[in-house]
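J.: Use these hints to put chains B, C, D and E with the ligands onto chain A, whose structure you have.
Spelled out from the first residue to the last, the chains are:
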Amino acid sequence: GEDDSAGADSGKLLVGYQRFGGLSLVKARGEAPDATWSLFESGPALTEALKAGAIDIGQVGEAPPVFAAAGKIKFRIIGTSEPVPQGEAVLVKEAKGFRSFADLKGRTVALNKGSNVNWLLVKLLEAHQMTLADINVKYLKPAEARPAFDNDQVDAWIIWDPYFALAEQPGVKILADATGLASNREYILVSPEALERKPDQIREFLKTYRTVTDWGIANPAERTKILAPELKIDEPTTARALARSAKPLAPVTPEIGAELQAIADGFTKLELIPERVEIAPLVDDRFGEVFR
Amino acid sequence: MATRTTGGLSTATRPVVTARNVRRSFGAAVVLDGVDLAIVPGEVVALLGGSGSGKSTLLRILAGLDPEATGEITRAGSQAVVFQEHRLLPWKRVAGNVSLGVPGPGVRQRVAAALAEVGLAERDRAWPAELSGGQAQRVAFARALVREPALMLLDEPFGALDALTRLKMQTLFGRLHAEHGFAALLVTHDVDEALLLADRTLVLDSGRIVEDAEVPLPRPRAVDHPGFGPLRRHLLDRLGVRPDQDGAAGT
Amino acid sequence: MATRTTGGLSTATRPVVTARNVRRSFGAAVVLDGVDLAIVPGEVVALLGGSGSGKSTLLRILAGLDPEATGEITRAGSQAVVFQEHRLLPWKRVAGNVSLGVPGPGVRQRVAAALAEVGLAERDRAWPAELSGGQAQRVAFARALVREPALMLLDEPFGALDALTRLKMQTLFGRLHAEHGFAALLVTHDVDEALLLADRTLVLDSGRIVEDAEVPLPRPRAVDHPGFGPLRRHLLDRLGVRPDQDGAAGT
Amino acid sequence: MTDTLVETARGAPAAAPDTRRSGGRTRSARRWRRAVTPVALLVLWQAAAQTGLLPPEKLPAPIAVAQTGWRLARDGTLGVHLLDSLTRAGIGLAIGGILALVLGATAGLLRLGDDLVDPPVQMARMLPHLGLVPLLIIWVGIGESLKISLVALGAFFPIYFNTYAGIRDIDERLVEAARTCGLGQLARIRHVVLPGALPSLFLGLRLALGAAWLSLVVGEQVNAQTGIGFLMMEAREFSQTDVVLLGLLVYALLGLLSDLAIRFLEGRTLTWRRGLQAV
Amino acid sequence: MTDTLVETARGAPAAAPDTRRSGGRTRSARRWRRAVTPVALLVLWQAAAQTGLLPPEKLPAPIAVAQTGWRLARDGTLGVHLLDSLTRAGIGLAIGGILALVLGATAGLLRLGDDLVDPPVQMARMLPHLGLVPLLIIWVGIGESLKISLVALGAFFPIYFNTYAGIRDIDERLVEAARTCGLGQLARIRHVVLPGALPSLFLGLRLALGAAWLSLVVGEQVNAQTGIGFLMMEAREFSQTDVVLLGLLVYALLGLLSDLAIRFLEGRTLTWRRGLQAV
Ligand SMILES: Nc1ncnc2c1ncn2[C@@H]1O[C@H](COP(=O)(O)OP(=O)(O)OP(=O)(O)O)[C@@H](O)[C@H]1O
Ligand SMILES: Nc1ncnc2c1ncn2[C@@H]1O[C@H](COP(=O)(O)OP(=O)(O)OP(=O)(O)O)[C@@H](O)[C@H]1O
Ligand SMILES: [Mg+2]
Ligand SMILES: [Mg+2]
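Residue numbers (our numbering), protein chains in the order written: chain A, 1 to 292; chain B, 1 to 251; chain C, 1 to 251; chain D, 1 to 279; chain E, 1 to 279.
None of these hints come from the bench; they were simulated from the model.
A hint or two may mislead.
As the list claims (entries may be wrong) - Label-pair ranges, simulated between beta-carbon atoms:
1. E:36 x D:98: 18 to 26 Å
2. A:226 x E:35: 56 to 64 Å
3. E:260 x A:102: 51 to 59 Å
4. B:67 x C:105: 52 to 60 Å
5. C:122 x D:63: 19 to 27 Å
As the list claims (entries may be wrong) - Take a look, some chain B residues computed to stay more than 12 Å from chain C by CB distance:
6. 18
7. 21
8. 29
9. 104
10. 117
11. 136
By construction, the Cβ of each residue, glycine as well, lies at the ideal position given by its N, Cα and C atoms.
Bound-form chain A, shown alone (with noise of 0.2 Å):
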């Protein structure tokens, strides 16, 4: 990775970014020209690539840091969102007829394993007072489970943005989000090697990204046009995703460094990762001052 990666040693910032993060905008605005980007299809993705050295920085949700730091990767967490509790929720059809959900009590309910979804799905339950025992679930990725959640397949889905944007067409219902429930922020993440060799360029890059992001939700009609092509979803659904999603930047806080360790030890508890992991050491607040 370190020898041969596009423009390792050219200095340049090796950027990850998802095509509906944050990041997106910077990229189709084409604000950080010294930047090389790499696209990836889903977060644990982005950090394998950043384990690998292939990339400096990127972006991700609030599952994979979680995941990451259980794989002894090496990064650091530099900056975040504030929460989006209304980027995910639960859909259902409208014909079945559910109206909350405890009335998924038994049904099948389809998510993507480990994503923020997951933990979702965990404070629902916890809210609702029931277990994973009492719903059917599905684990299916994205692509896999729209197909099935429209030929009824499964009684609901619990998606994010765009997906969720996307899915939402005549007949299916929000029978829930997050709102209450789970932040849903989106990390930035950085390697420690990047944080040594190129701490100007993070700064520099951090900053515009942060000028993009604010003039994005200051103009939200003109970032929808530039968003909608590179994301190849049509307009409307592209503006009511972003009207949700898209949120400002934030520093991180020792208690986003709480929220994180709250979500590492649910999923502990559910044995999705072997052991505890201490999020505190990963939070590094010295590009702080380019949030606030």
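T.: Just chains B, C, D and E with the ligands, lined up with the frame of chain A:
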């Protein structure tokens, strides 16, 4: 191998195979150019001809293996073929090759008997790849024998055999023919063999049968019979072997 | 094919191949049980023996193709082999098969000449699968001829040929031998052929050479030479063909 | 058992040109007959879509897919993606194929090569691409080399195994004959081993082509912005079934085209063969 | 050109048992030699890990992987996953294999079958599994049948192509000989076509085994709770590199074992073959 009893020739009956106006060409090369032929039950016909004159081609047509030949072929009764190459299935042992497709009970005994007749009783468990050229040819002959067909189509069945084994096989052929009375078309290069075994000799040349002659010798036959010499000379003549050429070779 | 000029026999020189105490067995079956043999340059040796007596095995050993044989083989000079099966490469046309591995300029002319000598000048573009049995055998013979080796190892090279073609080939062999003076080991089933072409005849039996006799006939030879008859009788005797058996067949 | 074959002699003075002509006729007839099933499948699918048997949200009609294809072809998207995929597949196939040929030949020809090369290959052949991606990222990064490595890996095994088997299947007697013709090791490989193993090599190539594309789809999921695999997987994520189907159709077409190409090559190089004629 | 071969005659009274004994010796020596490369690779890897050349967070040492394997084996996890995967692979392989045999034989034996069956197969052979998953979900759901379908699909193509090619490669002269022996179509297939195509079928099986596992990894990502593929891909998502490697090691072992099994079968059924002896 010893159940049927009809012996000797029985003409007058319906032929076991009739070919009329058979033609075959490969590309521009016409190999058979209107061949007519009939073999009656029990008759042994020797087919002679130069190398590449179409003997094997004709035999394949009579066996019904050449869909591209034109003409009219009528076959009656069962056939067995010994090809010019042995064509043993390499993945079957000798006994398996001989018994291939033989129905009914007692197959094992019959196969063992046929192998014994060709002198290979002990090689029944050998693979074809382990046989010598002559042994493979004898196995192929045994494979035809064990079928007790009405017509045997034999393409140089004894070509790879030494003098002694060849004699034994010729004797065996004569004996079995006397016992079972099958008809046979025997492609051979050996004029003596043709005269020893056949009731009739055909010579194929330029795509046609240019000679069709009875062999007017009494049986049992021997090469030192006085009638043998002229017949041999005539046949060799037909085949293009001229007396002054015969046997002149070397420095 | 006509560059070298040494002709006739030239004994006294170093043998082109020497075999000492050659043994070979397959499993429990001992095929060669101590064979000694030497062929001097220009000498034609005929090897006779029953079917399965080990002739092809010995020839393969002399050609250096059998790593499992024991004994001592010394070879000097180039060799060419004609196997019992033609062994033409099916993916090369006739001309390509003949020219295989022939170095130097003028290969095409030499190949064409060799094909012409075996009577197949026009089949140079044919695939091996399109040849008749005898044609394939002649191509294999041409493949050996074109190499102009010091020693030819021939395993029944004329077995699949009709009388006329066989005669032509024998004459050709005699002529080329006179021209080029190669040595040859000729495996053959035809006693007449052995006596016509060879300087010496060997008979292989039970894994040993049981007969090693000069052919004391003047050249050019012919089968009607008075010395021919007794020699033939003697050889046939050695091969196990008894007079009373000879040529007795049929009903 | 009386079986009678009566053919009215066609009475053509020279049968030769006649035969040849009829051969030509059947060959072109066969070519058309080969189109029957694919066309029938398309027609059935369209009919099912139009009669409402197959609602568009389950499976869009072929015409809809064709329209999507036309749209993407016109704006150049399809061309770009196809070209990138073809480039990756081509390079990966070349690398994996050559490596497989060399190693397969080593293992097939030399006993020592067999003992040293074959066991690790046998170990590696079951390794799933998806599982290897993390390791490959460490070794070759996430750039083009990752995709090419995956294609090379996918193409390697069919060619390796078919090379190996093709060499092992060669008639030893022909090799002997070539040796007595004075051919050295290299010439023997060129004149006997290679042509003898050619049918098997073609089969390997056929399978490798398929494997290359399959691998590419996995590869184009990691940090790719272009490629048919990327196009399709992206469409799959966003449930754009028509684009997914377009991708599948492109693959199907590539399958047919490569089959035609290989058939053509086979026809040119394997004229000498007389296989079992289908009857 | 003077080449001299002098072998001291071993002077054994009966050469036969001697030859056989020496054959036995080389065979067992070869068996050990085949272990050289795999063992060397393992040793190298462990050495690289211990000298720190390969830091554990990038690639855990083989001993660490073995420990993980031992842990998972002891608590039964590995056994359960392996069994489930084997079951799926077995069923899928059986379904796909039989279908491939039947269709491959149809296309290989009958000209009409070739024209009707082969083109759609050629179209389908390039279709990537990952792209087919959404369609398969619609058709067969997200249960076991999905995984089995994917395995069957993966196993289908190598067996189909090798069956087809194996049949086409059979020496027509042997088929003719069998026909003159009075064998009907079926008996001809049994006695000539099947044994003649057997080496090719074995090769197909070899490749199909690999393809089956590859497909299973894709299949076990969709709504699976068990299976080696699931275990490994989940570990990948959760960054448990040791488990990923364990999975790869299991695959490698399966590769070696299945190769041994097929070699054994080949040895038993193909004793008649005299292939090119590796020298
Ligand atoms: N498939 C083919 N394509 C082209 N020509 C062929 C084919 N098969 C045979 N021939 C030609 O047809 C002619 C007759 O062949 P055939 O095998 O019948 O000869 P034959 O009389 O048996 O000769 P031989 O005594 O040498 O075996 C030969 O010239 C041969 O080259
Ligand atoms: N690979 C093998 N395995 C076992 N036995 C074999 C093998 N090859 C040859 N033999 C046996 O060795 C003996 C000698 O065979 P060889 O081919 O040398 O005979 P030959 O004298 O050439 O006979 P022919 O005149 O019939 O060609 C035969 O009995 C044969 O069955
Ligand atoms: Mg012939
Ligand atoms: Mg022999």
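J.: Now look at each hint and say whether the structure bears it out.
T.: Going through the hints against the structure:
no.	hint	result
1	E:36 x D:98: 18 to 26 Å	holds (25 Å)
2	A:226 x E:35: 56 to 64 Å	holds (60 Å)
3	E:260 x A:102: 51 to 59 Å	holds (55 Å)
4	B:67 x C:105: 52 to 60 Å	violated (46 Å)
5	C:122 x D:63: 19 to 27 Å	violated (58 Å)
6	18	holds (25 Å)
7	21	holds (22 Å)
8	29	violated (9 Å)
9	104	holds (28 Å)
10	117	holds (14 Å)
11	136	violated (10 Å)
Of the numbered hints given earlier, the model fails hints 4, 5, 8 and 11; all others are met.
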